[in-house]
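Mind docking chain B on chain A? Use the hints.
Chains A and B, in that order, are what the protein sequence lines are. Mapping of the first sequence onto this note's numbering: position 216 corresponds to residue 216, and the numbering continues sequentially without gaps. Mapping of the second sequence onto this note's numbering: position 242 corresponds to residue 242, and the numbering continues sequentially without gaps.
In short, the hints are calculated from the structure, not lab data. Computed from a predicted structure; not experimentally measured.
Okay, derived cross-link-like pairs now, DSS-like style, lysine-lysine, Cα gap no bigger than 30 Å in a straight line: (1) K170/B x K273/A; (2) K216/A x K273/B; (3) K273/B x K170/A; (4) K147/A x K273/B; (5) K273/A x K205/B; (6) K216/B x K147/B; (7) K301/A x K172/A.
Partial chain B-side listing against chain A, Cβ under 8 Å, derived: (8) P261; (9) I265; (10) R271.
To give a feel for the contact side, a few chain A residues facing chain B, derived at Cβ under 7 Å: (11) S61; (12) Y62; (13) V245; (14) M248; (15) P257; (16) P259; (17) G260; (18) Y262; (19) L264; (20) I267; (21) L268; (22) Q275; (23) G276; (24) F277.
No residue lacks a Cβ here, since even glycine has one placed at the ideal position from N, Cα and C.
Each chain, written out:
Protein chains: 2
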Amino acid sequence: MTERINHQWRLTSRPVGSLTEANFQWAEVPVPALQENQVLVQNQYLSLDPANRGWVREGGSYRAEIPLGAVMEGGGVGTVIESQHPNFQAGDLVQGMFGWQEYAVLTGRELTKLPNNPNLPPTAYLGLFGHIGLTAYFGLLDITDPKPGETLVVSAAAGAVGSLVGQIGKIKGCHVVGIAGSEEKCRWIKEELGFDDVINYKTEKVSAGLRRTCPKGIDIYFENVGGETLDAVLAMINQGARISVCGMISQYNATEPVPGPYNLINILAKRAKMQGFIVTDFMSRAQEAIAALGEWYMTGKLKYRVDVVEGLKNAPAALNKLFEGTNQGKLIIKL
Amino acid sequence: MTERINHQWRLTSRPVGSLTEANFQWAEVPVPALQENQVLVQNQYLSLDPANRGWVREGGSYRAEIPLGAVMEGGGVGTVIESQHPNFQAGDLVQGMFGWQEYAVLTGRELTKLPNNPNLPPTAYLGLFGHIGLTAYFGLLDITDPKPGETLVVSAAAGAVGSLVGQIGKIKGCHVVGIAGSEEKCRWIKEELGFDDVINYKTEKVSAGLRRTCPKGIDIYFENVGGETLDAVLAMINQGARISVCGMISQYNATEPVPGPYNLINILAKRAKMQGFIVTDFMSRAQEAIAALGEWYMTGKLKYRVDVVEGLKNAPAALNKLFEGTNQGKLIIKL
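Isolated chain A (complex conformation) (with noise of 0.2 Å):
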C-alpha cells in the first residue's frame, strides 16, 4: 500500500492578541498504520468556532490547553477510509474531533457513525444538529425558561447560535431584539428570521438601541459578546431576568485583564440570574433537542445558513472572520 500524506496545522506558539498564521506551522506527515480499534478518516468538513480561541489560550478554557507542536483541534464531518474496528467501515459518515488536519486516526470510541440521509447535507451535523444547534436550544430554553411575551435580547444575533436562538425564541412567543454589526446582517435577522427588531451596534449606541427596541425592559440576554454590551443590557433587565452565557468573544483575544460591567450590581437589585453553560452538559438530551429543531426546520420556523471556506490552508485565516463579524451562517472549513 503507498504511503498517505497527511497535511496538518500544528500550533507552534500561542497567540497575543488575534490567532494567525504566525502562530502554526503547515505539516506534511506520513499516516500511520492502524492499530486494533482505531479508525482512518478522511476530513471533509471542519468547524470553527469562538471556542476555538479559547483552547489555545495558555491555562486553557473550559478545557486544557492544547500543547504547543500539537495539531490544533476541532470538529468535524468525514469518512471512514480504513477500519480496524468492528463497527465501522469504509465508506461510513461519521463526526469526530478530527483536527485541523486532512486524515485523522481515532479509536471507534471516539467517533460518531451519522445517518446517511439524502436530504441533509453533511454540514448539518455541525451546525444545526451539532453543538451549534443543541447550544442554541439548551441555552435558551434550559438557562432561561422563556415565557411568551417575555423582551429576549440576543447579541451576536446573526451568528451561528445567535441567529437559532432568535428565532426560537420567536417560536416561544418572545418579543426578540437581536445585537449584530452590519445592515446586511440585521435585514437578514429582521426580514428574512423574523426578528421583531434589531441594532446595528456599528452605527447605533447599543445602549441607545435597547432603549429604543425594548421599551418594557429586558427579561432574558443571551449573552454571546460581554464587555459593554453585557453592560447596557444589565442596565435595562427586570425583576427575575435571566442572561444565559454561552460566550464573551469580545474579550477573547484581549491582552489585557478586561473589567467587569459596571452594572453587575443589578444583578443582585433585580434579582437576576446570570449562568455560564457548556452543550456537553446537556449531551445527555440531545434527542430531544434533534427532535425540536429538526421539526421546526422542516415546516419552515428555523432557518439556517453555512458559510464555507474551500481548503485546510485558510483555516487560520478564516477563524479570525468570527472575531471581525464578517462570516455569514456557521463557519465550516471544506476540505
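Same frame as chain A, but now just chain B:
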C-alpha cells in the same frame, strides 16, 4: 387626651458616599389621631441593615427611593398603644415598617402580630426569625443547593446574615470558610460558630487567603461584599459553582461607577451560576425557614448575636458601623 409627641429622623438630602447625620433632620411632630383600621405603635427596636443605604440612593435599588422630606424607613418591633383595627389591641407585640421614629401609625394590613413568647427576646424577630434568618436560609439553600463536602465561602462572615449562612453550611456538611475584618470576628466565627477556616482581610490578601483555605477550589460563594473579594473568588470557582448574591456592601457608598470583576468570564468557563435574590420573594415559605432555624437554634447548632445601640438619636451614626465593619452581630437600635 394629651397630645403625644413623636420624634423622627427625616431624610433631607441624598448622601454622596456615606450616609451621615447631615442627610437627616431630627423632627418633632404631634402623633395624629387614628382613623378607621389604623393602629398606633410605639417603636421599641429598630433594625439597621446594609440595604438601608440603597433605599436613599436616587433611583432606589430593588425598591423605590425614599423621597426627600419623608421619615427614614426601617423595620421594627413595637407595642400597640391604641387601635382602631379589630385585630389589634393595646399591648400587642407587632412587627412592621415603623420607620426611624418613636411612634408609627399604620393600617392593620401593614402589621404582623407576634406571639408572646417569654423565652424569646423581641429582637429575635428582627434577626434569627426575621428577614436576617430567612435571608440566610433561602439565600443559601434555595439559590445554591449546598452538598456535603462542597467548599462554601462566605464574605461578611461575622455579620448578621453571614454568620448564620456559615453555620447552616456546616449543618449541610460543607467545608466553610469565612472572610471577616478583625481578629475578634475571625476568632468568633471559627471558635464559637465552628467555621472550618477564616480569612482576616485586614491582615491577609483575600486571594492568598482563599488559596490557603480552599485547596479544592470554591463550589459556593455567599456574596455580601462585591468588589475585589468577588474577583478573587471568581478566580477560584469550580465547575458548576453557584454564587448567591445577597449584597455588595463595598459598593453602596461608591460615588463613581464601580467596574465589575475581571474574572467574570469564569462564569462561562466554569458553567457557573450567579443569582441575586431578595428575601421578600420567599415570604410565602417563611414558616418552613422559621421551623428549621428554630430547631437548629434550640438544639445549639445555630448561634446568634445582636449588637444593640441605645437611642433613636444614634441611628444615623450607628448605620455606618455596618459599612465600617465595627458592628458585632445584627445591628439594632433600642428606643
